[in-house]
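From first to last, the protein sequence lines are chains R and X.
Okay, so the first sequence: first residue is 1 according to the working numbering, each after it adds one.
Okay, so the second sequence: first residue is 164 according to the working numbering, each after it adds one.
Among the hints, erroneous ones may be present.
[What the hints assert, rightly or not] Here are some chain R residues pointing at chain X (derived, C-beta under 10 Å):
#, residue
1, Asn59
2, Arg62
3, Ala151
4, Lys155
Hints in this document: simulated from the structure, not taken from any laboratory.
The beta carbon of each residue, even a glycine, is placed where N, CA and C say it ideally should be.
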Amino acid sequence: MNFDALFEQIYPSLRRYLHRLTGDADQADDAAQEAFARLARAPIPEGGEKGWLFTVATNLVRDHARTTARRQRILSAVPLETAAPERPDEAADRADAVRSVRNALQLLTPRERQMLLMREEGFSYREIAAAVDVAPASVGALTARALKRFAAAYKQQQGEEEP
Amino acid sequence: MIAHVSEATLQALLDDELPATEQPTVREHVAGCLACRQEVQALRDADALFSAAMRRIDAADLRRPMPLPPRAAHPWRAAVWRTLPRAAVLVLGFAGVAAAALPGSPVRRWVAALAEHDAPRASVSVASTRPEPSAVGGAAPAETEPVAGIGVLPAAGEVRVVVEAPAPGLRVSVRLADQDRVDVRGRAAATEARFRTAPGRVTVMGAGAGELEIVLPNGVQRASVTVGGKRYLTKDGDRVYLLVPTESTGAEIRFPEYR
Chain R
1 MNFDALFEQI YPSLRRYLHR LTGDADQADD AAQEAFARLA RAPIPEGGEK
51 GWLFTVATNL VRDHARTTAR RQRILSAVPL ETAAPERPDE AADRADAVRS
101 VRNALQLLTP RERQMLLMRE EGFSYREIAA AVDVAPASVG ALTARALKRF
151 AAAYKQQQGE EEP
Chain X
164 MIAHVSEATL QALLDDELPA TEQPTVREHV AGCLACRQEV QALRDADALF
214 SAAMRRIDAA DLRRPMPLPP RAAHPWRAAV WRTLPRAAVL VLGFAGVAAA
264 ALPGSPVRRW VAALAEHDAP RASVSVASTR PEPSAVGGAA PAETEPVAGI
314 GVLPAAGEVR VVVEAPAPGL RVSVRLADQD RVDVRGRAAA TEARFRTAPG
364 RVTVMGAGAG ELEIVLPNGV QRASVTVGGK RYLTKDGDRV YLLVPTESTG
414 AEIRFPEYR
């Protein structure tokens, strides 16, 4: 498959995975494009590109978080204008829902997050095992445990959000 | 009768990862075991909840057009592209020297005229070397102050300025102006900066401890300024959010020295 076709096929999935992983559209863009740029500079054997790209992009995100000690995004920064406008109810509800999801995701280990998000993008157990450096036979157990932990955390978050 | 099926095996069954030889036995057990059927349902519910939660995150994502793919590596093509600029410079250089050597040639007169001027040193492109009035006050810069800069148009209503590896002491300022493009200008030691551009994006690399002025279009829908991996400013519609402390927020937003 040629590079452009590979890009069209994999980029949306990679970008979505990175946004889910980081919650940051800019960082997701940067990491996805950098991963493809690296693939363009150093092509790898055909068939392994998707796993390679996801691994490289995940490492980029991890390195970025480590070296820059990234601040938690200030979503409630004071605007320049003195009068704060009222936010529509729908936007507030959506922000609350996303916050619940992100808080629940943060309660998982980085490996659990990566496994669940790669599984959502259609990776096989063998590919996930290679990416997170576990035995393929362990992926089922780790996945089941992570899903249940997420579900419990998310339900608790939603329970705390309710008035 | 076999023991209950493990959680790991049930998950593998649901994910279609269980070896084909094991599936009939497991399915038969699940069909006849309430506890295992309940476990399967719990795993399905957790999976559905996770997928739905991920869609909520997706719904909050910014809708951006898909970028163009980076240029794929073709060894022979890369070699040609590396060689062509050098060859062109050599050819033009020889032609220029030859033309300048001819008495009365326009090239000779042009070279002579240049040698008489004390032209200011400037790095690149868009910005002129005229002194800019200072919005904060103080003396206007000298007539020959070097300036390096670049400008790009927004893409899909968005523009991003990313300053990578800034030097300690770099001062960044941002102002809004009625113009179509974003301009990034470096002064003093910041003229050492190199610029990389993409649609709607300027990356500034290696800016020294000088001043970096960023001019954002008033009408751009979304904009961001990131310095050393830290988001300084976000513009969303007509609202501007300052995410780090500032020294002034008048016509020009001045951020403290980068540390």
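Now for the hints, and whether the structure bears them out:
For asparagine 59(R), the interface hint is violated, since its Cβ never comes within 10 Å of a Cβ in chain X; the closest pair sits about 16 Å apart. Nearest Cβ of chain X to the Cβ of arginine 62(R): about 13 Å, over the 10 Å cut. The hint is violated. Taking 10 Å as the C-beta cut-off, the interface hint given for alanine 151(R) holds, the closest approach to chain X being about 4 Å. The restraint placing lysine 155(R) at the interface with chain X holds, with a minimum CB-CB distance near 8 Å, inside the 10 Å limit.
Consistency note: the structure conflicts with the earlier hints numbered 1 and 2.
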